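Colleague: Residue strings, one per chain:
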Amino acid sequence: MNATPDNPRDLFEAALALAPAERGAWLAEHCRDDAQRAEVLRLLAADADTGERLLDEPFDQLLGRVGEVEAPPQPLPHGTLVGDYTLIERLGEGGYSVVYRAEREQAGVCQAVALKLLHRGLHTPEEQRRFRDERRALAQLRHPGIARLIEGGVTDAGVPYIALELVDGEPITDYARTHRLDLRARLRLFVAVCRAVEAAHRALIVHRDLKPSNVLVTRDGEVKLLDFGIAKLLDAGDDATRTQRQAMTPAYAAPEQFALGQITTATDVYALGVLLGELVTGQRRAPGDAHTPSSRIGEDTDESLLPAPARVVRRQLRGDLDNIVLKATAAEAERRYASAGAFADDVERHLAGQPVQAHPPSRWYRARKFVARHRGGVASSALFLVAILAALALALWQAHRAEVQAQRAQVQARRAEAVQAFLGDVFRANSRNQPDAAKARQTTARELLDLGAQRVDGAMTDVPEAKLSVLQLFAQLYDDLELADEALRVRRQAVELARGVYGASSPQVADELVHLASAMQSSRATGDERKAVLEEAGRILDAQGDVDSPTRGAWLRRQAEYYWNYDPPRAYDYARRAVRLFEAKPPSVDLADSLLSAGIQALQLHKLAEATAAFAHAIEIAKVVPDAAPNAVKYYAYLGEAQSQQLDLAGAERSLRAAWTMARRDSGAEHIDVLQTQQRLGGLLCDMGRMQEGLELLRGAKQLAIKLRGADDPFHTRAVLSALGRCEANAGDLAAALADAQAATAIDRKNRPGSLDLALRLEREAAVLIELGRDAPAQADLDEAAALRTQAKQPRGSEAFAANLRLQTTLALARGDLARARERLGELQADLGDAAVSFDRLDRRLLAAEVALAAGDATGAAVEADAAVQAIARSGQTDALDAWSARAALDAGRAALLARDTATALPSLHRALDLRRKLLLPASPKLAEAMIALAGAELDHGDRAAARVLAADAASIHAAQPELGDQYRRPLRDLQARVRAE
Amino acid sequence: MSASEPNPAETAAQAQPVGALFDAVYDRLKAMASRQLARGSRGTLDTTALVHELWLRVNTGRELAFEHPAQFFSYAARAMRHLLADRARDRMRQKAGGDWIRMSLTGSEALHPQVESAEQALALEEALTKLEQVDARAARVVELRWFAGLSPEQVAELLGLTRRTIDRDWRYARAFLLSALE
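Here the protein sequences line up with chains C and G, keeping their order.
Residues 1 to 982 (the UniProt record's numbering) make up the first sequence, in order.
Residues 1 to 182 (the UniProt record's numbering) make up the second sequence, in order.
Because the hints were derived from the structure by calculation, they are not lab data.
Here the structure is a predicted model, which means the values were calculated and not measured.
A couple of the hints might just be wrong.
As the list claims (entries may be wrong) - Short derived list, chain G residues pointing at chain C, Cβ under 7 Å: (1) Thr47; (2) Ala85; (3) Ala88; (4) Gln114; (5) Trp146; (6) Leu178.
For glycine and all other residues, C-beta sits at the position ideal for the given N, C-alpha and C.
With these hints in hand, go ahead and build the complete structure from the sequences.
Modeller: Following this line, the structure appears as structure tokens:
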């Protein structure tokens with residue numbers, strides 16, 4: 001600064017460079033302007049003022065002091081009555097509620113509570129309903145560590161309130177500080193917090209706003225959590241998105257709360273992780289700070305906040321506790337502890353000096369993610385190598401932690417070497433097979449995995465445990481790539497190896513066997529083999545006295561899946577046992593999947609209400625358990641199935657569309673979930689009479705199944721073929737229907753001989769054969785299916801058998817064997833008057849009408865047909881039942897014709913024909929059937945021209961069907977004879 | 001020279017907070033502050049955390065789009081400044097008519113602390129506006145450091161200035177504002 005400054009700032013700064021005593025003189029000399037000099041002096045004085053001035057305190061404090069001028073509701077005076085409670089004093093106020101201390105007298109005892117009055121009223125019935133639902137769920141939550149919800153209600157003015165247990169305590173962090181708790185004491189206190197949170201999670205209640213002010217410790221040192229689920233309750237009136245946005249405290253909020261993602265139990269685990277970090281370091285983490293707790297303790301940390309001197313705490317935290325906190329606060333929900341209980345267990349392991357589960361950020365997880373991202377796609381082999389190596393390093397690390405003592409350094413080094421040698425071999429082999437380096441780089445993950453799986457056989461023989469880890473990894477990767485047969489092959493190898501390493505009756509072998517059985521489910525393995533595998537696993541578990549391990553639970557589920565085809569009641573029993581086993585543990589994907597199994601068995605047993613409840617429960621779990629979220633597609637799909645069987649067709653369509661949309665969103669257009677949901681939605685639309693839409697979806701699903709799984713896939717392809725065949729048959733494309741139905745039957749005959757699946761295929765095939773007039777093969781199919789059902793404990797009187805009997809009736813009618821038709825119909829249970837409408841019941845009624853028609857009993861036919869019409873009208877879903885309305889109208893019209901009541905017959909038959917024109921393909925024989933009946937009525941009515949046109953149209957439809965049953969041909973012949981005669 | 005040091009981030013940082021983007025930042029921070037205050041422990045706010053939280057969302061592409069961090073933080077800081085001024089005006093409006101300030105001079109003992117703080121806030125706002133006219137960059141530093149709660153290092157990085165310059169700006173601005181508040 002050579003020139004003399006001429007503005008206040010420069011003068012000020014120049015003066016600052018001088019000793020305070022010299023400043024006045026310097027200024028007098030350099031600043032001649034009196035006003036300016038005075039200003040600079042004021043600046044210097046203000047600068048020297050080191051008292052706590054405005055700018056020296058954080059901005060927040062001034063902002064906070066000014067406060068927000070949201071006129072808070074007028075405090076209610078002492079003595080105001082809210083429900084049964086008398087307000088005593090105001091305890092505090094939040095954005096959503098005012099809290100009062102309140103009392104009520106009950107049976108002479110005065111009970112003090114914390115009464116929360118919500119600021120906002122719940123005005124719509126929907127808001128009030130949600131408030132009540134939430135309140136009911138919360139009231140059931142009883143745990144000594146959770147402040148209880150005593151009561152809740154809505155005042156006459158529409159103001160909701162809740163009465164909570166009044167807790168006298170201080171925030172856990174304050175408590176730890178004021179009581180100078182050491183690290184172990186803090187950890188033990190934290191474990192108690194986790195246990196309480198876990199109890200709430202079991203009730204599927206997520207806190208969503210855990211933080212020290214909600215985690216109190218009473219004078220007795222007991223933990224009490226406040227406001228569990230209140231965040232959601234208070235938001236009960238809001239729409240879903242705002243709800244999530246509101247209920248959080250930034251410092252403790254998980255990334256999914258910022259991102260407005262799904263709030264799950266993992267969200268609370270995250271907040272617990274932040275809380276643990278704060279508890280052990282004495283300081284709150286900055287939002288989003290992903291550093292280890294130990295690194296947050298610096299030289300300048302206030303030691304009065306710490307459980308011990310900084311140096312000591314840093315050392316205590318480094319390693320396990322750092323890892324535990326990082327795991328709990330992982331950005332991806334599925335990488336955190338699976339439950340608050342698992343979190344507590346790990347902290348307890350640390351307290352007991354045992355190895356903890358938490359480990360440095362999981363490479364295994366990244367490898368799995370990587371593979372999932374590149375399923376089917378091209379992945380550079382170098383990246384894949386990195387992924388696999390990383391995964392293996394972790395697998396080895398875990399194996400190493402499992403066996404604590406034995407000469408581990410040496411063993412591990414040997415393993416690592418062996419694994420590296422093996423992988424090097426795999427990649428060299430790839431380069432050999434593919435001398436063009438560019439192409440070798442283009443090797444897909446799948447090809448590389450195949451290569452690895454091929455070469456693993458002779459490799460790593462001297463380090464069998466490591467080899468087992470590798471096999472498990474490969475099997476998982478194949479599962480992720482959805483290559484069922486390959487996964488199965490590797491699982492078999494893993495079982496063999498586990499037998500050799502751990503002994504044939506070890507728990508490890510049982511676990512591998514259960515995995516193998518699971519792999520068999522979606523592969524080409526036979527049922528007998530699966531049964532043998534499950535039996536062996538069961539024997540091992542029994543011998544171990546294992547009744548409640550996750551392996552036992554998985555075994556129960558596999559048993560249920562196995563028996564579902566051979567003994568549904570037994571399958572249902574197994575599935576429910578699995579549900580009970582997992583219900584005793586924190587909510588998990590295993591519980592949700594067990595509920596799914598149980599629901600499927602309940603469906604099979606026609607326990608529709610139980611099935612619906614099970615699927616709905618699974619969906620609730622998927623909403624709060626991150627691991628279960630991806631399976632929500634399945635749960636919704638089956639819920640749709642149950643709803644459609646209960647004839648809640650609109651509900652079913654909603655559920656299935658939700659599932660289909662979810663599948664396409666999460667998995668892309670070409671994924672097995674898309675296939676399954678699309679197939680179900682297509683099938684439903686066909687059942688609802690929306691054949692064109694349904695056929696389009698099902699044809700797309702067939703292409704997809706063949707593309708993804710091959711034409712003879714035992715599970716998906718045959719299911720979609722079967723559904724498509726049924727829809728084609730109903731729509732009137734009989735040739736295509738037969739081809740698809742027979743292909744489906746062939747697949748089940750090969751892969752599931754003797755199963756109920758096969759019985760269903762045979763029946764569906766028979767339905768097409770009947771239309772085509774191939775009576776003998778139809779009869780043979782139905783007889784075979786009947787035998788299978790009887791063998792699988794579905795006796796002739798059961799509901800599951802009824803479909804077979806109805807088809808037998810239809811076939812007898814088609815053959816003109818009235819006596820037999822009557823006999824089969826007689827075996828079906830008659831309708832109870834007020835039973836809910838179902839496809840089965842409608843079919844039975846209309847069959848009865850058709851048997852009566854064949855017998856010339858016009859009155860009987862009219863009664864049954866009319867009952868069907870009434871039932872459809874009662875169902876409230878007339879639109880979805882158009883196909884049935886058409887058949888009912890046709891039967892009613894024919895009954896009127898038989899009674900020579902042309903005036904009644906004509907409108908009925910017109911309606912039948914109109915509906916069928918709308919629903920069916922132009923070449924459908926059922927369309928011709930309606931034309932023929934109407935033509936007969938027109939003749940009776942004397943309109944020969946109309947009759948002739950209809951007869952000609954019907955004839956051309958028949959001409960387009962190379963093969964058609966006589967039940968269709970005969971009426972046309974009769975009609976044509978009549979037309980000619982008149 | 002202090003007043004004429006080249007400043008690469010000047011354009012972004014000095015861009016007037018106008019238009020929808022500023023409104024969006026303001027609305028978000030205001031809502032976040034209310035929410036935090038509502039549920040916060042005994043009325044304390046952590047606005048630094050709020051600004052960083054919003055930046056986290058912005059930075060991960062979940063909300064809004066900024067060309068440069070400097071733009072976001074200067075908007076956020078300005079938003080906080082507006083928030084304080086708005087609240088202070090609300091407070092004054094709520095408590096009394098135009099006479100109130102004069103009355104308060106006589107009976108400051110009885111003053112409601114909220115109103116006293118509101119007065120302070122408005123005086124500060126006035127002073128800061130004056131500072132902007134004299135030394136815009138120093139005013140910017142106050143916004144970023146005090147209103148947005150950034151550290152001097154962060155401010156230096158955002159404005160593309162040295163830490164030493166920021167410290168000097170801050171010292172001058174503090175003296176300027178405090179002397180204006182006398």
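Colleague: Hints first: check each against the structure and report whether it holds.
Modeller: Hints, one by one, checked against the model:
The interface hint given for Thr47(G) is met, as the beta carbon of that residue sits about 5 Å from the closest beta carbon of chain C, less than 7 Å. Hint status for Ala85(G): violated, given a least beta-carbon distance of 10 Å to chain C, over 7 Å. Interface hint status for Ala88(G): upheld, as the beta-carbon distance to the closest one in chain C is roughly 5 Å, under 7 Å. The beta carbon of Gln114(G) is positioned within 7 Å of a beta carbon in chain C (closest approach about 5 Å), and the interface hint is therefore held.
Evaluation of the Trp146(G) hint against chain C yields a held restraint, the C-beta minimum of about 5 Å falling below 7 Å. The restraint placing Leu178(G) at the interface with chain C holds, with a minimum CB-CB distance near 4 Å, inside the 7 Å limit.
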